[in-house]
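Trainee: Chains A and B, in that order, give the protein sequences.
Each residue of the first sequence is one higher than the one before, starting from 6 at the first, in our numbering.
Each residue of the second sequence is one higher than the one before, starting from 6 at the first, in our numbering.
No wet-lab data here; the hints were simulated from the structure.
Incorrect hints may have been included.
Which copy is meant is left open, so a pair is good if it fits within one copy or across any two.
Listed below are the simulated DMTMM-like cross-link pairs for lysine to aspartate or glutamate, each with C-alpha atoms no more than 20 Å apart in a straight line [said to hold, decoys possible]: (1) K257 - D587; (2) K667 - D686; (3) K538 - E200; (4) K14 - E225; (5) K411 - E558; (6) K499 - D47; (7) K60 - E574; (8) K605 - E110; (9) K335 - E345; (10) K592 - D712; (11) K239 - D668; (12) K447 - E575.
Keep in mind the model is a prediction, meaning the values are calculated, not measured.
2 protein chains.
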Amino acid sequence: MNLYKLTEKVFKYSFGKPINTEAVLTKGEKVKEEPLRYFNIDSTEGMSFNYKMTKDQIVWGLGENLRGMNKRGGIYESFCSDDPRHTPDKKSLYSAHNFLVVDGEETFGVFIDYPGKVVFDVGFSEENSLVIAIEEKDVDVYIITGEKPLEIVREFLNIIGESYAPPKWAFGYQQSRWSYPNEEAVREVGDKFIENSIPCDAIYLDIDYMERFKDFTIDETAFPHFKTFTKEMKDKGFRLIPIIDAGVKIEKDYDVYEEGLEKNYFCSDAEGKPFVAAVWPGRCHFPDFLNPQVRTWFGLKYKVLTDLGIEGFWNDMNEPALFYTDRGLKDAINLAKASENRNLDIYSFFKLNDTFNNMTNSLEDYKSFYHNINGEKINHYKVHNLYGYNMTRAAGEGLSLIDSNKRFLLFSRASYIGMHRYGGIWTGDNHSWWEHLLLNIKMMPSLNMCGFLYVGADTGGFGGNVNHELITRWTQFSIFTPLFRNHAAMGTRKQEPYSFEESTINLLRSAIELRYALIPYIYSEYMKSLKNKDMYFKPLSFEYPDDFSKRVENQLLLGDSLMITPVYEENSLGRYVYLPEDMVLWKVKNYQERTYEIVKAGHHYIDVDLNEVPIFIRTDKAFVLGKHSKNVESLNNEELNVIAFVENEATYVCYDDDGATKDYKVGKHEEIIIHIKKFKDDEFTIEIESKGNTKVKTLNFEIINTDGRVHSKTLSIKP
Amino acid sequence: MNLYKLTEKVFKYSFGKPINTEAVLTKGEKVKEEPLRYFNIDSTEGMSFNYKMTKDQIVWGLGENLRGMNKRGGIYESFCSDDPRHTPDKKSLYSAHNFLVVDGEETFGVFIDYPGKVVFDVGFSEENSLVIAIEEKDVDVYIITGEKPLEIVREFLNIIGESYAPPKWAFGYQQSRWSYPNEEAVREVGDKFIENSIPCDAIYLDIDYMERFKDFTIDETAFPHFKTFTKEMKDKGFRLIPIIDAGVKIEKDYDVYEEGLEKNYFCSDAEGKPFVAAVWPGRCHFPDFLNPQVRTWFGLKYKVLTDLGIEGFWNDMNEPALFYTDRGLKDAINLAKASENRNLDIYSFFKLNDTFNNMTNSLEDYKSFYHNINGEKINHYKVHNLYGYNMTRAAGEGLSLIDSNKRFLLFSRASYIGMHRYGGIWTGDNHSWWEHLLLNIKMMPSLNMCGFLYVGADTGGFGGNVNHELITRWTQFSIFTPLFRNHAAMGTRKQEPYSFEESTINLLRSAIELRYALIPYIYSEYMKSLKNKDMYFKPLSFEYPDDFSKRVENQLLLGDSLMITPVYEENSLGRYVYLPEDMVLWKVKNYQERTYEIVKAGHHYIDVDLNEVPIFIRTDKAFVLGKHSKNVESLNNEELNVIAFVENEATYVCYDDDGATKDYKVGKHEEIIIHIKKFKDDEFTIEIESKGNTKVKTLNFEIINTDGRVHSKTLSIKP
């Protein structure tokens, strides 16, 4: 074992010969070996790390995962999985985020940097045992110390590198469906948004835009003039976002296939032949994204679409999902033939059925192909969790080569920590279940802990049929998530906002308008989180020290100033909320009408009608609110409202930048620093400091005093 | 259409020639025809009944079903289904309970007495439309009027006949698993309960006790001396409860098969040959339970087991579940063969997979066999929902012939309203999901509304693996359900109380001890509900008129005196509760130590540690509490505690009977009527009226005054 010191608070314990995942950027210096802190190690088979928890310790983290923010009570397997039914008994989703923070009498963070399967038994088998197990003996274990969870998270965010920043337009509302089949259908979607005056920035192209599901091709019959159509839609205010899948169709004369074959860029099977498995295009090969040359090659393929005016992509099927292999299908068919004309006993029948059911994403298939890592042939199973990460890294790196300073929209289904530097993620194929709205809420801070800031779920649910109430409550939550997309599966009820009854359309429109009005705040908080290595969504207890806050899993702190309390239960007239301190409640029906109510610290039931979005303003905090428009580019925020709840003094730093380039990385941005101070019972001083502000000319202040009275004032900013 | 008046408040609208389901016993008199009340009828295809709801109306009912107590927002299909994954998108469970109550500006009840598939769209497709649809034009629609939901429910319970009463021992704790394979295993279960001093009354025998899954047989190698073993276990205090399945194995010389064949007692296929489908025993025939002679024949078969000392049964697989038919298997295998050596496009692959997945419980199979109803050949699909009902009716009728005055334990998986007269139900193959604990809570009052009083869920969850916290919180709820059984599937984590860590065993023991101490109250309330046509579990709003009570779906009124507020969320330190009036909170750690706290009307967060069971006593109500013992028969309740919260006066009627015979039907029972009256600030008068009481000698009163002080007094009862 080798020990490395990365910072005063971060140490890496390196066991055996770990594969370098490049999740962590900080190298650190080798120091004198010491035994692993906090954990006992059992090496009888593979390695397992055991920590004895006290009854009251909380375990945060694990990023994209099931169950609560507090992971206690469950078993989780980091093994990127394409399983579309996210029921509570599932152990894996699409991503592998092996970072967690133990919080209590003893508080620390641990990141298991291991690219294969990792099992986390967080007090499931034994009430007070945390057991982390891997199947080999090569692993980097990072231990992060600190007083408080947030401090530990920020140390972690420091060593894994700055998160991805999408273009500003990607903070607008986005509409998707599997699939809008052709130009006419996509055009109609755009027109409906315009007709119904519902703001929208992007419309998605799911797998059917391609020619026989071939990456970087366009179905010419469905989209005969793709380039002009892309321009037509952009002129109307909508970007088109095509999907890119991991598997490359085996088809003669298909350039990606031919080149990959010729250059030996595909994963290989035991005999060294390109590995074959079927996904959407039928039988496919799989680019070996763990090879940098392959990444460059595949990444530059995105130019086919950027040349047609495309500015954003979603990478899918990159766990990778494998519908079946020839072997699996052959075995199943042979068993079926052998079962013919037999009076099957019932267990043979189940075996037959299971053989067909288990053909998809089978471990046997994952263990049957190989990567080439610096000339070494590595079995896929050992590095499974790096595949989606490196596919999206390929895209990110490729897009930088295509246009080095441009921000593209890019997010992925599968990921590993490290991928957060190249793109965001959506939480995969959820369902139109109220349980999945709650899961969405709980997952957001966990993802932020792992570096993933540009995140969101399929609003309304991908699988199944949504009803008017669920789409409304879900949209009223998603207006706060950086990635705000409504997506639904083939065969499900139409889920675009305009597809519902008039009363519901109106509710969805006003929620989406609120989103656009909040973009000055949302974008400011997003970019500050990114630059300051902070979280955009936090659990209450990351800011409030009281014990009860630690147990609140259905309220979130949003940026520096706000707390949100979404309604996630059917047929309810409101919900219970917990306030760790006095706050101001703004129930938003229409963001242009604002009435405020002071709610005292403690437990409350608040009425929340279906037409209301509750927003809480924390004590001595302020936020900015603009005006909505049809899309992000057309927002006019020369005039901003500054809404503050001031007991003593509140400061807000309003960040902005060009929203289009990477100049923010070299410090090019604008800041307005607003400072409000109470100097008498109901008199306030306001200081405004402009650091390069060019856009905002006027600030309308609404300062809520502790007595509930609102003090209004308008100030203009000199450039 | 013919109109019948059953009571002042119940009318039957009879369309076409409905099949008589015998759900309703009251015949009623024919009266002058009037149009159907409340609903518009659309007869374009089949029949659909449409009612326009107001925004605030609540829809209660539908018995065993998914989602909330308030059914608004969902689509439900009454079509008894064996589907083991109860996710929120499912439309059917195992039973068909077509009764609902619309509650609001306009309040009424409706029962759709139709034995085939009924679809209820309760504001799913259109926010304010309730649409009930059937595929034919023959149906009895019962409309029940009344001021309040409870009044309507009681009218309904009146016309469907008195609910089933199990023997008193069936209110004890019951342990099950699929399967305890042999005598040794069952003996060990019993011994473990004794060793760990955990009370228990029954141990279950799942399918593996049979010889090749043949009903009314016993595997002689696993249970070589079944009769003496049954006696041995009963002497130790445990009854054995075997499972009976619907399908009869096709096996030469198997008497049930041979007799059924000879007497022509099995459902037939289109050609009139006995219908064949495979379930656990492999290929089976299915008794035609809709034929009274078949019921008598099959019902008397239970004597095989009663002669061996068995006193209780659970009827399973009686939707009926059909794993596959020769046709289905042949089609699937042929498709598999046709797919061989083809480069399947992906949709052909899915079709192949689906063909295997959809082989089980296929509509095509349900439409391919027939019943003989009074000589008429009726397709099963038309009467599907009567099958499990009549299997359990066969058992109930048979057991009455075997021992006319004895109460047997009997419950079923599938049911239809009417079956409540013959047995109870358990809620089927749930999972070890917190969501299913909540579902369990919400389902209980809906089942009571439909006549099913002897109900409960598989405590801890049937499928999946439970953890220490879920088994504890779930058990702490199930102690209040009449059927209190812990059951788990093959391959899942051991779920018997003694299988957990010591700390958990202790929590489960004290919860189960509380159950036994509560049996005097639970049994009294159960039997009064049965005799008075009342509900044992009620939603809050069935007793409290305020609007908020209507929205409370996670608290239940238990009998006349108590409110329960189970904790159903993981890692929580307590929960929010709503009190429509002041109540007394008893947090039970150990039922022998009692401290009381007055909680004011309104919303509260209450701490509920994992070792606590919260019980609320309503204002001016009393209940009785005894002492636990190793099982029900050994309970000694000569001395009872009467615990009351008295503002003005409280009356409690404590019912009891022999708990073993049906003499209660001819009025043989005992009552102690307890009346407590406050006549000064802190002085109370107590009146005790004994109606035939022979068992109770002493009553220890704990009267909680509105100031929280407890007044204790002991009184003896003269016989």
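Trainee: Could you run down the list of hints and mark each one as holding or not?
Mentor: Verification of the supplied hints:
1. K257 - D587: neither (67 Å within a copy, 78 Å between copies)
2. K667 - D686: Cα proximity of K667 and D686: none, with 45 Å in one copy and 77 Å across.
3. K538 - E200: neither (41 Å within a copy, 56 Å between copies)
4. K14 - E225: The answer is neither: 56 Å in one copy and 67 Å across copies each exceed 20 Å.
5. K411 - E558: neither (37 Å within a copy, 52 Å between copies)
6. K499 - D47: neither (52 Å within a copy, 25 Å between copies)
7. K60 - E574: Only across copies: K60 and E574 sit 17 Å apart there, 29 Å inside one copy, limit 20 Å.
8. K605 - E110: neither (29 Å within a copy, 35 Å between copies)
9. K335 - E345: both (15 Å within a copy, 7 Å between copies)
10. K592 - D712: within (18 Å within a copy, 39 Å between copies)
11. K239 - D668: neither (24 Å within a copy, 81 Å between copies)
12. K447 - E575: both (18 Å within a copy, 13 Å between copies)
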